[in-house]
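What follows is each chain in one-letter form.
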Amino acid sequence: MSTATLSRVILSHLDWLESEAIHIMREVAGQCSRPVLLFSGGKDSICMLRIAEKAFRPGRFPFPLLHVDTGHNYPEVTDFRDRRAAELGERLIVRSVEDSMVRGSVVLKSADEPRNKHQSVTLLEAIEEFGFDACIGGARRDEEKARAKERIFSFRDEFGQWDPKNQRPELWDLYNARSFKGENIRVFPISNWTEIDVWQYIEREHLALPSIYFAHQRPLVRRGGGLLPVTAVTPARAGETIETLTVRFRTVGDITCTAPVISEADSVAKIIAETASTTITERGATRLDDQTSDASMEQRKKEGYF
Amino acid sequence: MSAIERFPAEALPDNGLLRFLTCGSVDDGKSTLIGRLLFDSKTILVDTLHAMKRTSERRGLDIVDLSLLTDGLQAEREQGITIDVAYRYFTTGTRKYIIADAPGHEQYTRNMVTAASTADLAIILIDARKGVLTQTRRHSYLAHLLGIPQIVVAVNKMDLADYSPETFARIKADYLAFANQLGITDVRFIPMSALHGDMVVDRGEHLDWYDGPTLLEILESTPAVHSEHTEKFRFPVQYVCRPQDSANPELHDYRGFMGRVESGELRIGDAVTVLPSGRETRVKDIQVLGESQARAVAEQSVTLLLADEIDISRGDMIVKTGELPQVTKQIDAMLCWLSESPLDPRRKYLLRHTTRDTKAMLAGIEFRVDINTMERQTAERLAMNDIARVRFKLAQPIFADPYAESRGTGAFIVIDESSNNTVGAGMIA
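Same order as they appear, the protein sequences are chains A and B. At position 306 of the first sequence (counting the first as 1) the number is 622 in the working numbering, and the numbers step up by one without a gap. At position 133 of the second sequence (counting the first as 1) the number is 135 in the working numbering, and the numbers step up by one without a gap.
Pulled out of the complex, with its shape left as it was, chain B reads as follows (with noise of 0.2 Å):
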């Protein structure tokens, strides 16, 4: 483990940072595999290693279980289970990566959706000798429905069906059968043994016949974007900078409106429309640490000056000129419900959206799916881990895009305002 073996000397190109999520549960090696991902990756230290070590031989392990690398908590290992999402680190030198762990049972289909809304891609991991199963099928329908774009089905444990390509080929088979009715499109198929890390890091000696990419490959080239179609220019205010009491007197005049690009790209000079206020202005300058620059881009927190005198608060989006998102008091979406206490239609909610928030009312349940069977049925209330397609009225207008189109202005979290936890998850149709 030396330093050149993880970090090369000479400057390498940064392509950024890939947050992906791994579905599945224990059975299917799932620890495993992440266990490897940062053992071949170099990411586990001496340390960790010793314990691990000496852990394995206490439980009478003739090799390190590097499934113990992902042990949780204490309250967990207690109940044997695994309670809450995990999130996870390692670098290759040309990326960084954040692995978001969620634990694959039914009942953590909240723990799921919560990994899955922050993710670019999702690891779906099948165990050989099974195929697909119900939880396959439900851990596909969920990345589909959080708008992962890059699904990879890992077909693991490989080495206890005997490295067999036509097993491999018939849970490809059985897999985009369904995936298509979903409408999931984008897939990728990897053979794999993460215990004996074949086509994880390394290509492994068993699995000659397989000529396609190993994991770390796909993951290495990877577009890190949330959405494919052209960008509109999203900017929801977060904060507003008025230094007015400062001794510096050319600041009683600034105006600085403090956010992150959700998504497009925003240049000085281009005309923009405040909403709800719907004034148009020009963008006068774009500052980090009252620095200018010229542009920009999405994810990127910026503080933005406009020409015009305009009153504008946290809440209020600067988007640009003749690209505006639908200004509405009513949305179709679909609804996760996160909460022990059911969705209860008589009652007002708090809905955040970007950075505004407002009551909101639930106008109807049209229907609600069977995260197995992908069903559609009627449903009055709604109880923990349900998903709903839903319509909810507002006090206040949002200014939304579809969530297909927009991660950023389409997703929205339900508040309830009586303990002030998020109940719901919403995404805007």
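Extracted from the complex, chain A is given alone in its bound form (with noise of 0.2 Å):
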């Protein structure tokens, strides 16, 4: 907090944004009967515990967590995802697209085909069998612009859609989180940070990440002018060359769509540095997925995705 005007004390822009978070969580729990977090072990959920904890400690958490695991995560992720809930005494679902495949709900196109966009559907079977109306994930507009556009309370159909024409006015701090039965609510807390706001808070308040997020050594082949990680699921391909390389993940997900970058940062100071100072955007340079077409993520989010 930064020195008093003469009436007024300004905030700092990480407590604002903190603020607004807590502030936006506390509105779930008041208005809401079975509202969850989604929980992914990512930087962005890592905030979204501290800011959890912030807004309801002494008392426990009014949601359980929730992972839609694609069965393709780093371990360390997992591990990490499994340690973190168990410290902060909340409870943790699991619910896996691969179960979602045993159902017959998935149908790959492709045994390789990468699984990001059917955790919408292993999503949707979650809410259904908790009842859950209220989703809380971290998801920021800057990432891309079709969440630019989008509210922090985004109300979602039966089917989980996101109707872009058809989005409810959202004004002052006055969120509508109403919704009839089978409908639900995907709730935005940290809609209004960036990835470098992102860094700056987890340096702050000392907030622990899975160890990907460093660098490290990792053997991988360039493909298609990027560095995919060569692991279990994606193995190299014939003529391949594999080089080990350090780097670091700028976002974790599912292993055959994220590629990490070259760094040699293995602080938060040094990758806030090197955020700060970084050239390309943080979906462009390792999200595969996105860069299908200009308006990839607009059409995933009408299908029901985060």
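Bear in mind the hints are in silico, worked out from the structure with no lab data behind them. Keep in mind that the hints are not guaranteed to be accurate.
Claimed, not checked - Capping the alpha-carbon separation at 25 Å, the derived lysine to any residue pairs in SDA-like fashion look like this: (1) A/K497 with B/L352; (2) A/K481 with B/Y89; (3) A/K497 with B/T360.
This structure is a prediction, so every number in the text was calculated from the model and none was measured.
From the two separate chains plus the hints, produce the assembled complex.
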């Protein structure tokens, strides 16, 4: 907090963003009967847990945590996810895209198709199973242009669809989380944060992160202008040379569509310096699934994606 | 685009966050202005810039079209219009900015009202060749109605008006003439060419006769406050924390009242009154994450502990004793209708004010405002984008202040319970 003006103390930008996010989470708790917080073990959702602590401690969270697991996640991240939920003493629900595949509600075009977009199906199944009326997620408006126009409280119909032409007006801090049975509200408390805000918050709050966010050695191949990690799920193709490079992940998600960047940054401070000087957008660098077309995120969101 | 340029290494003062609104149509160069702010503040990254370059070349342009940055949704590109408010972000290292980019056309009044509701400052764009237009009046009226304290008039496309000081002076005089009628007092004017970057972030080379600040200098120095009035403490209770099932016996009697300070300031020991009960007590503690802090200030989310056991739930309000808001079951307000279904005087609606919901019925429409001429008209019903002075009767009392004094406790929304849609936005007189 900076010094007072005559009549008013001005909050620092992080204090303001944090306070807004706390307010939003408390509105969910006050307005919704069965909310859930999506927690993947990624950096944005790690910030969300901190905000939930500030919003509700010394009480318990008024919602469980849910992870929709593609089955293709880095073990460092899922281990972190389980450990963090246990430390907080909060209930973690994991639902898997692979279970939806067994049920037949998800059918892959090919065995190595990225499963990210199929998370929508598993999420909707979990919403139905538990009767969740609100899902709190860590999406940010700066990530992608389809998100730039999304409300903080975003209404989804029974099919989980987002209709960009028919959004509820959202004025002041008066949020409308009302829904009928079967419908759902997606809530994004850190809508107004940018990637650098997230890193600054992680530094300020001393938040622990999965190790793959920091520089480490990893076998990779170069393909289509990008670096792809070589894993059991994503082996090298014939003729490709495997190199071991020092890299870190800027986003973590499904192994098949999340690529690292070359980096020596092994601390949050170094990541902030690097993020501030980077010349490539977060998703542009690392999300292979957003580059399919100009409107790929918009399309996925209409289909129920977060 | 080096690290040093964008984020100087030494600690800079943190001047918090400023939210501003840009009003104007694409023709005024609004998208170009936003693109320029993001570009010159080094917010645009290389892959985005490459995509913009490719598209610009494909469209036969020899410079990068910065307006492509604010290119919207597929649905909007198909129709060639901007449907909705978009939010964009940049930082100067000393301040973070949130831009609410609202479409300019009349039928999108509701979007402009939405964008204006959270803004501390409005930039109103005028095309130097066209001067003050009907839409300029409309945007100014709405910015003023929504209580935006700072208005900046950007006279853009000066490059197409020979950078003429006379043109700028004439537009300024025209604008002030009607701004005075509206009661707008705090206005600043900047001559600008967003296309060439004159007076946005850099001064440029063409406007030597103008010695005022650039747009970014104004943004950097504008106070992020919504009201010049002495603020009264207002704390709508969002949620009550009672962890009595906890294993920790010290928490058995814990009753924390959680919320965000809408205005004013509170210290431990202050005398407070709880509404609607009217019960008085003192502040025992102010906490965040179990840690005490001596005071809570506007816009902070905190947990209050009180000295006496009082029954308090969501929708109640904690205020300082002796600084009570109006406790009322009838309100006069300016209402903007947001829904395609007209306001129906026979129906009951849900009114949400702070964290409190109550049934509401229209008790009368005093007049409707023609937002192009500012004329007052009689009206029986209200359609989408209409703005009117109305009276509502409420089933339960609310704890209200005039909107002009406090946005947080002067604003309300109207919800249609048959659709759950937000259908109206109101400002208490």
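Hints, one by one, checked against the model:
A hinted pair counts as satisfied when its Cα atoms are at most 25 Å apart, and A/K497 with B/L352 qualifies at roughly 19 Å. Taken as a hint, the A/K481 and B/Y89 pair is honoured in the structure, with Cα atoms around 16 Å apart against an allowance of 25 Å. Restraint check: the Cα-Cα separation between A/K497 and B/T360 comes to about 22 Å, which is no more than 25 Å; the hinted pair holds.
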